[in-house]
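So the sequence lines, in the order shown, correspond to chains A and B.
By my numbering, the letter at position 455 of the first sequence is numbered 455, and the numbering carries on one by one without gaps.
By my numbering, the letter at position 193 of the second sequence is numbered 193, and the numbering carries on one by one without gaps.
Honestly, the hints are just simulated from the structure, not real lab data.
Some hints here could point you the wrong way.
Stated by the list, open to error - With a straight-line Cα cutoff of 30 Å, these simulated BS3-like cross-link-like pairs (lysine-lysine) come out: (1) A:213 / B:103; (2) A:486 / B:15; (3) B:52 / A:417; (4) B:132 / A:443; (5) A:486 / B:52; (6) A:443 / B:172; (7) A:443 / B:103; (8) B:132 / B:103; (9) A:417 / A:225; (10) B:52 / B:15; (11) B:132 / A:426; (12) B:103 / A:380; (13) B:15 / A:225.
Source: prediction; values computed, not measured.
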Amino acid sequence: MNAPNPGAVPALKLESGGQVTPSVAPKLSEATTFNAPSPGAVPTLKLDSGGHVPQSVAPKVERLPTHPTILSVTWLNGQVRALAVHKGVLEASWECPHEVDDVSGFAAVLRDAVAQTGYHGSTVSVVLAHPRLGQQLLEAPPTKSTGVVRFLERQLQMILYLGVPPDGQPALVRYIQRQVQNLKTFDGEAAWCFEHTIPSRGTNGLLLHLFPKNLLNLLAQGCAKADLFLAGVVPATAVLQSQLQHLPIEKDDIALLAGDTVGATAVIVGRKDGQILLGRTLTGSWNQNPSRFRVDLQRTVLFVNQEFGLNVNGLWLFGPSAADHLAELQTETGVPTHLSPVEYHDLYWARDSLLLLPETTPNLISRAEQQKPHQRLWLKVAACGALLLVLFAVATSLYLGLLMRRERGEFQRMQAKVAELQTRHKELQALDAQLASKQELVKLVSDGRMPPVPGWLLGYLGEAVPPELLLTNLHVRRQEDLWQVKLAGVLQPTTNAAPATLLSNAVALLNQRLAAAPFNVKITSAADLAAHAAGPATRPTVTDWAVHLGALSASRSDPATQFSVEGLMR
Amino acid sequence: MKPAQELPRLVPKGKRLNAFLIRLALFSFLAGSLGLTSWSINRLLRLQGQNKALNTTFSRLSIEVEQMQARWTSATIEQLLGRYSELAPQLFAGQDALMAWLKEFRQQLVPLALEANAEFGRAAVSQTPDMKVTTIPATVSIQVKPVEGLESYSSSYQRVLRLTQYLGASVKRADLVELDVSGSSNSVNRAVAVLNFWAGEPDP
């Protein structure tokens with residue numbers, strides 16, 4: 001297998017890894033590979049077993065789903081073939097040696113397929129060509145609802161379906177379900193899928209694939225019994241439809257493509273762009289019951305002409321021995337008949353069904369059913385996640401509970417300590433208040449006791465007042481934190497010729513003594529009134545002295561000989 | 001080829017109910033787990049907050065207790081109580097004590113040949129938890145009488161000075177807060193002293 005280039009499509013590798021049946025083994029022995037083509041090229045299936053399996057023109061490999069691991073089973077009118085694919089690699093194939101007509105035996109066949117191919121995956125898809133699988137054309141109803149209504153319908157559907165992707169049109173689904181009840185040709189409930197057809201005569205058409213629901217359920221149960229999940233049941237016409245784009249026809253040509261599905265024929269009428277007019281299954285083929293096949297083929301051509309007003313431009317045959325019947329069929333139908341350019345090989349249906357895009361392929365298994373494994377996986381993951389979350393939450397809570405227990409123990413110990421401390425605090429507070437009260441009282445009574453400063457000052461003045469001065473008044477008063485001192489007096493009777501100078505000197509001396517220790521009085525006002533009354537100093541004369549002596553007694557009330565001192569001390 | 005449209009089929013009621021119940025259960029587990037974790041964390045955080053507050057209280061109380069213990073050492077308390085016990089002698093216990101002081105004061109005036117007249121003012125009360133302390137102001141007017149035969153040192157100034165010394169030396173608290181002395185060439189004539197008497201009874 002060539003490794004895919006970045007951006008290139010992955011290569012398919014078909015190797016003889018598993019056990020294969022004798023019918024297939026010669027064809028797949030040794031290096032059987034799908035070479036990765038260059039983009040746009042058609043991949044080829046190269047088999048080096050002597051060219052028994054010719055090169056085939058396969059659908060573009062880029063349509064292959066990314067690395068699928070799947071058991072692709074074809075059940076074509078009793079013939080069962082299986083192709084095991086592991087991560088995109090075709091590992092082994094197997095063909096059931098006997099016909100399988102009953103669905104109930106399908107589980108055993110699948111087990112054999114798994115055992116023979118060594119498939120170790122869990123998903124299986126089935127390409128089905130079955131007598132009970134039918135197709136019906138249906139006119140699609142005109143769309144009446146507006147975009148808003150469709151949107152609301154989808155939202156409602158999403159809510160009601162609890163998350164099922166609202167990828168459909170509920171009104172169309174309801175319409176089809178009603179039509180299915182009328183169109184089905186069997187009893188019981190019908191499983192169905194549909195695809196759009198080319199609009200004709202102004203109406204949109206649908207091609208319905210109908211299959212009994214009970215058979216489909218049996219098929220799914222058979223897969224389940226084989227420990228496999230049935231992911232898809234695709235009609236053979238859907239696989240054949242993919243060949244349209246490889247036909248060498250013009251854009252608007254109508255081609256009828258007939259593929260041999262072992263005893264029956266899948267027929268597709270469509271254009272090169274892949275759109276179809278109809279699809280149906282004819283009983284018989286060019287190999288089996290060819291006469292009936294030819295008649296059915298002619299009727300189909302006529303039906304296309306009558307129903308759609310279109311002529312079939314070419315008839316293309318696909319299947320074993322088709323080349324042998326080209327001329328015969330062209331003569332019978334009158335339509336140019338060719339061999340399909342897509343080469344046929346036994347594993348065509350199984351392999352090419354894997355190349356179909358799931359989104360564009362009719363599948364009898366509903367998308368909800370297809371998603372079940374994912375949903376189960378999601379459920380398991382979600383359940384595990386929830387369980388882990390719960391375990392985490394419980395573990396966290398337990399751990400936090402442990403921490404809480406420690407915290408609570410610490411809290412209780414601390415509470416006891418705080419209670420003890422509070423008691424001690426209260427005791428100390430009471431003691432503090434009591435002692436503070438006593439201290440305040442002591443401070444008030446004992447420390448606040450004032451020294452007898454006035455008495456001390458009175459005693460000090462006996463020494464401090466100069467003999468020239470006569471102190472007539474002393475006033476000491478406590479003013480807030482300071483002692484306010486006021487002194488007043490007069491000059492002693494003197495014969496001094498300059499009493500004003502004498503007074504000034506004496507007052508200055510008194511001030512000086514008061515300002516000095518121990519009282520340190522801050523003199524705020526000192527006035528000897530003589531300083532203001534006296535003029536310039538003149539030398540006293542005898543006359544002045546006599547006059548002054550005579551006036552000695554009167555000088556006591558003379559403002560010129562009076563003084564006053566004011567000050568503050570602590 | 002137009003894409004085939006795979007449409008969802010109607011889901012049976014039972015399945016819908018199952019799906020709803022599963023989602024409800026998952027949501028319940030999720031909500032329950034988150035709730036349990038949140039509740040546990042909140043409980044722990046609340047307790048841690050309480051512990052922190054308790055630690056803060058403990059620290060505050062410890063500091064206050066230490067501060068009070070440091071403030072009131074046994075030596076400090078002993079000293080304070082000693083000083084407190086000395087308060088009683090310093091205060092006038094009542095009117096009788098005041099009268100006794102006045103009586104003694106008057107006795108002191110006799111040898112100093114002074115006359116005094118006391119006039120009491122309005123008392124001021126200082127309330128402390130242990131004691132009610134009353135301050136009683138008194139204005140004492142002193143007249144100096146001329147005395148014959150006294151020694152030379154006993155001038156009126158000296159007599160007044162002695163009296164002020166007596167006032168300052170009193171054990172009882174009688175603060176001399178104001179003194180007004182007037183005189184003339186013949187020394188001091190009169191003096192006015194304002195005294196604050198402190199009265200009160202401390203608790204034992």
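Consistency of the hints with the structure:
The suggested pairing of residue 213 of chain A with residue 103 of chain B is violated, with an alpha-carbon distance near 137 Å, which exceeds 30 Å. With a C-alpha separation of about 115 Å, the suggested pairing of residue 486 of chain A with residue 15 of chain B is violated against the 30 Å cut-off. Simply put, residue 52 of chain B and residue 417 of chain A have alpha-carbon atoms about 14 Å apart, close enough for the 30 Å limit, and the pair holds. Pair hint residue 132 of chain B plus residue 443 of chain A holds up; C-alpha atoms about 14 Å apart against a cutoff of 30 Å.
With a C-alpha separation of about 66 Å, the suggested pairing of residue 486 of chain A with residue 52 of chain B is violated against the 30 Å cut-off. Only pairs whose Cα atoms come within 30 Å are accepted, and residue 443 of chain A paired with residue 172 of chain B is accepted, the gap being roughly 16 Å. Taken as a hint, the residue 443 of chain A and residue 103 of chain B pair is honoured in the structure, with Cα atoms around 29 Å apart against an allowance of 30 Å. At roughly 25 Å between alpha-carbon atoms, residue 132 of chain B and residue 103 of chain B fall within 30 Å of each other, so this suggested pair holds.
For the proposed pair residue 417 of chain A and residue 225 of chain A, the alpha carbon gap of about 73 Å is over 30 Å, so the pair is violated. For the hint linking residue 52 of chain B to residue 15 of chain B, the alpha-carbon distance of about 54 Å lies beyond 30 Å, and the restraint is violated. Restraint check for residue 132 of chain B and residue 426 of chain A: the C-alpha separation of about 26 Å stays at or below 30 Å, so the hint holds. Proximity of residue 103 of chain B to residue 380 of chain A is assessed by CA-CA distance (about 113 Å); at most 30 Å being required, the pair is judged violated.
Proximity of residue 15 of chain B to residue 225 of chain A is assessed by CA-CA distance (about 22 Å); at most 30 Å being required, the pair is judged to hold.
Hint violations for this structure: numbers 1, 2, 5, 9, 10, 12, all remaining hints satisfied.
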